[in-house]
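Peer 1: Between the sequences and the hints, there should be enough to build the whole structure, so can you do that?
Residues per chain are reported as follows:
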Amino acid sequence: MQMTGRLKLWAADWALRRQGRDQPDVTLKRRRIYILPTRFGAAFAALVFAMLLGSLNYGASLGFGLTFLLAGLMLVIMHHCHNNLLGTQVRFAGAPPVFAGQPAEFRIGLSNAASVTRYELEVAYRGQAGQPVDIEAGQSKHLTIEVPAQKRGRLPLQRFAVATRHPGNLFRAWTWIHMDAQCLVYPRPAPAGRPLPESYASEGSRMSAEHDEADFAGLRPAVRGDSLARIAWKAYARSGELLLKQFASGDLQPHMLDWDTLTDLEPEARLSQLTRWCLDMAANMRSFGLRLPGKTIPLGSGDRHLSECLRALALHEAPAT
Amino acid sequence: MKTPAASTIPLNRLLWTASVVVGASLPHWFELSIWIPLLLGTAIVWRLAAAVSGWRLPNRAIRMLFAFMAFTAVLMQYHTINGVTAGSALLVVMVALKFLEAHSQRDELVLMIIAYFLVFASLLYERGLWVGIYLLAFVWITTLGLLQLGRRGQLRPSWPTAKLAGRLLLQAVPLMIVLFLLFPRLPGPIWGIPGDTSSGASGLSDSMSPGDITDLGLSDEVAFRAEFYGSPPTADKLYWRGPVLSAFNGRSWTREPGMRRQVLDDIEFQGDPTEYRVMLEPHGRNWAFALDMPREWSGRRDIVMGSDYQLRVMFRDGIDTRIDYEVVSFPTYRAIEPMGPNELDRFRMLPEDSNPRTRALVASWLDDNPSDEQIIERALNVFRGEQFFYTLTPPALGRHTADEFIFETREGFCEHYASAFTIMMRAAGLPARVVTGYQGGELNGIGDYYIVRQSDAHAWTEVWFQNEGWVRVDPIVAVAPERIALGSSRASLRSETASRAGLARLAWIRNAVFAWDALNTYWNDWIIGYGPRLQRAILRSLGFERPRWPELLLATVIATACVLVGLSLYLAWGFRRKLRQDPAARWFERFDAKLARAKVASRKPSETPEAYAARAATELPESANEIGRVVGSYLKARYEPDSQRRWLRDLETLVRSFKPARQ
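From first to last, the protein sequence lines are chains A and B. Numbering of the first sequence is given in numbering that gives the first Met the number 0, commencing with residue 0 and proceeding in unit increments. Numbering of the second sequence is given in numbering that gives the first Met the number 0, commencing with residue 0 and proceeding in unit increments.
Note that these hints are calculated values from the structure, not bench results. Be a bit skeptical, because a hint or two may be false.
[As the list claims (entries may be wrong)] In silico BS3-like pairs for lysine-lysine, Cα to Cα no more than 25 angstroms straight-line: (1) A:K28 to A:K7; (2) A:K28 to B:K577; (3) B:K603 to B:K635; (4) A:K140 to A:K28; (5) B:K635 to B:K658; (6) B:K577 to A:K140.
[Stated by the list, open to error] Output of the computed footprint for chain B on chain A, the stretches with three or more beta carbons under 8 angstroms from beta carbons of chain B: (7) 64-78; (8) 161-167.
Note that this is a predicted model, so its numbers are computed, not measured. C-beta: ideal position from N, C-alpha, C; glycine also.
Peer 2: Encoded structure:
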């Protein structure tokens with residue numbers, strides 16, 4: 000298994016040298032489509048060979064007929080399998096940012112400009128093929144590749160394959176694609192609980208604690224990264240929609256979240272903690288700013304501001320010490 | 000290993016698998032003992048019930064037990080697992096057990112492979128035209144199953160998939176034909192054939208006891224077919240020689256191990272030869288039938304003539320496959336076999352105590368010292384003068400068959416007459432023997448050949464004369480001459496009650512039967528019988544003088560490569576056409592190019608055709624009219640499917656003739 004794995008890697012690298020890196024929108028040409036029999040295809044070929052021996056031994060003419068028909072069928076299927084992929088347009092359709100620890104979802108758009116349906120197209124990443132789709136003439140579909148995001152930063156999709164086994168699962172035609180596809184990975188949010196530094200928020204300790212019902216100001220749809228503690232679970236049970244409780248605490252005083260206040264933590268842990276605070280602040284509709292070594296984001300609020308902060312945290316480079 | 004969950008394969012996939020499996024095992028059902036198809040049926044029903052209404056499937060231990068029991072049963076029944084019948088029994092059993100535990104796509108595909116192999120196994124012993132037709136249907140259905148089960152997603156609708164399967168198969172046909180014609184065929188088996196393929200002996204046997212048979216069933220089974228290269232001899236010359244019976248024990252005639260003697264050189268052939276080809280059905284013996292008297296034969300090297308002039312094929316276990324050979328016979332001949340007195344006595348031998356009345360009758364003829372011819376004439380007169388009947392349902396005879404037949408029952412068929420006549424000859428001291436074989440045959444006008452059936456089986460007598468050698472005497476001619484004249488027994492004997500009008504009304508049935516037989520014969524000749532010999536003949540006609548293995552292999556490789564290249568080009572071109580964008584868009588692109596030459600910036604991807612046209616019209620006000628018309632017909636050609644063709648033509652002429660007025 001390791002042997003074939005290494006062989007596959009070598010072949011893919013060879014393909015990369017041969018075809019170069021791809022544009023974000025690529026039409027599959029003949030030269031870059033590879034095809035090999037599947038395991039079932041190999042069994043089928045062995046069957047045909049056994050039939051050939053049997054026919055020779057028994058001098059069975061009908062046996063020869065069936066043998067050669069199946070051999071011909073296999074070769075015809077090989078061409079159809081190849082054509083099924085030929086001319087497909089592959090496009091990187093973006094990957095929404097995720098937090099470290101979550102799977103990154105790369106969206107791959109496949110378009111069929113031909114006048115016939117393409118069957119059972121699939122994308123494969125590291126040998127794992129996703130669910131195949133049929134694409135009607137002139138249509139497009141999106142497939143996702145899930146890649147576990149371990150570390151914050153930019154997660155590139157090094158290489159993936161677009162493949163098909165139609166018709167009959169005898170062959171697998173595939174192409175390797177190397178696109179500049181990246182997913183932004185935010186730091187993993189630290190567990191809730193650590194209060195805001197005193198110097199910045201006299202009442203910061205109240206932030207992540209319970210709120211008085213009187214402060215309740217309404218619900219808004221929950222977004223990724225929101226504190227679980229503030230999900231309106233009762234509303235969820237009623238409507239099936241994740242909503243976040245918002246509180247009009249009088250505490251709308253802006254905060255500047257500062258890297259330097261977390262001296263007790265490792266750099267990555269600091270980033271995690273800052274991420275947590277950013278999320279909490281945004282959830283409370285409070286305005287906040289971010290101060291990192293070498294980068295300062297002024298006070299602000301709203302989704303765009305939050306994204307900007309998270310992006311800065313994701314891409315933060317530790318200063319050389 | 001856990002117990003398979005019934006729900007892992009959707010029902011429609013299971014049904015496809017089941018139909019492929021049933022279709023593949025169908026030809027075997029009639030060959031196998033009944034419990035095997037029943038086992039398969041039970042397994043399928045059980046598995047389907049598990050999928051539909053959640054029946055419990057057997058767990059692994061029980062399945063192992065089933066497998067062990069089934070395997071033992073097969074072994075006990077067939078005493079082997081080798082050979083086609085036992086092998087296919089085992090395969091069907093395996094299919095049944097595998098089907099019961101099928102729970103993934105992999106299992107389905109394994110079943111597909113076994114199904115293909117099962118059908119292949121049936122081709123080793125089934126050869127008829129029906130099998131060919133069945134095979135085509137099966138391959139189509141199975142390919143359809145392959146396309147469906149090969150999918151990981153939802154199954155497609157059946158009909159479009161069936162069309163795709165048909166198209167794939169049609170595209171595979173040229174390669175099949177080339178390989179079928181050219182792939183080197185071997186004259187014999189590579190590692191020997193497990194000995195269960197030979198069908199049981201049918202037709203003639205090597206002994207004859209006229210008194211035992213009280214109902215001669217006339218089987219319509221074909222013994223062989225014969226195609227004459229010139230005009231065929233008249234029906235009364237169509238004596239196809241089979242086993243010669245010369246040993247008589249008082250009741251039964253049997254074959255006698257003949258002298259190993261080269262008899263061919265002593266035959267004097269006279270008159271014109273008759274050339275023909277015999278297509279012999281397997282009959283489990285090694286007799287090759289030929290018209291009296293064969294001089295040359297070709298097509299097989301292993302045919303030899305015995306001292307009784309019978310041709311034999313050197314098959315160790317009897318002829319178990321269709322063979323064909325060509326013979327040159329001379330209907331007129333003198334079969335002089337020089338024999339010493341001892342040898343001649345063998346052909347005069349009668350057990351002392353057998354048929355006393357017949358012997359007495361013959362002895363009474365000898366008083367006035369008749370010539371040999373006169374004796375024969377008198378013996379035939381016995382049958383002519385008295386009330387003798389030709390019947391297929393004669394009464395049983397006791398110990399002295401000739402006595403009872405001649406003096407009492409007087410009913411019998413050819414064997415009775417031949418036996419009694421030969422006994423009379425021997426009683427008169429003339430060396431004589433019984434010859435069995437076939438007489439006549441039915442001309443199939445559609446295929447232009449004779450069909451000789453088991454019902455044409457016949458027996459006659461050969462008498463030896465000093466100067467003439469063995470001379471054929473057929474006592475049946477004395478009783479039922481029409482049997483010989485017509486060359487066929489059925490019309491005159493079997494349907495005594497059927498009126499001529501009835502037969503005429505059935506003429507179309509007869510023609511249909513002939514057509515079917517002709518079709519079968521072509522099938523047998525060109526498909527089933529396609530072997531080394533026919534292959535060499537075809538290659539010779541293609542210009543290969545003496546094709547040998549390596550050349551044949553080379554020719555196969557080259558021809559296959561040619562077909563493959565042709566196939567690739569055909570499929571690639573076909574798909575290129577489908578890949579190309581639609582013609583309207585192409586013409587519009589050309590229009591765009593023309594405008595670009597007139598310095599109108601190309602259409603932006605975001606720009607609608609109308610907006611583009613409006614922009615172009617403002618830039619080229621003098622051509623505004625034409626631009627408007629081009630865009631109008633383009634939009635109609637693209638988006639009005641009903642009248643597309645007309646608009647496409649308009650678009651084409653408009654774009655062709657479009658000349659932007661230069662600014």
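Peer 1: Go through the numbered hints given earlier and state which of them the structure violates, listing their numbers in rising order.
Peer 2: none
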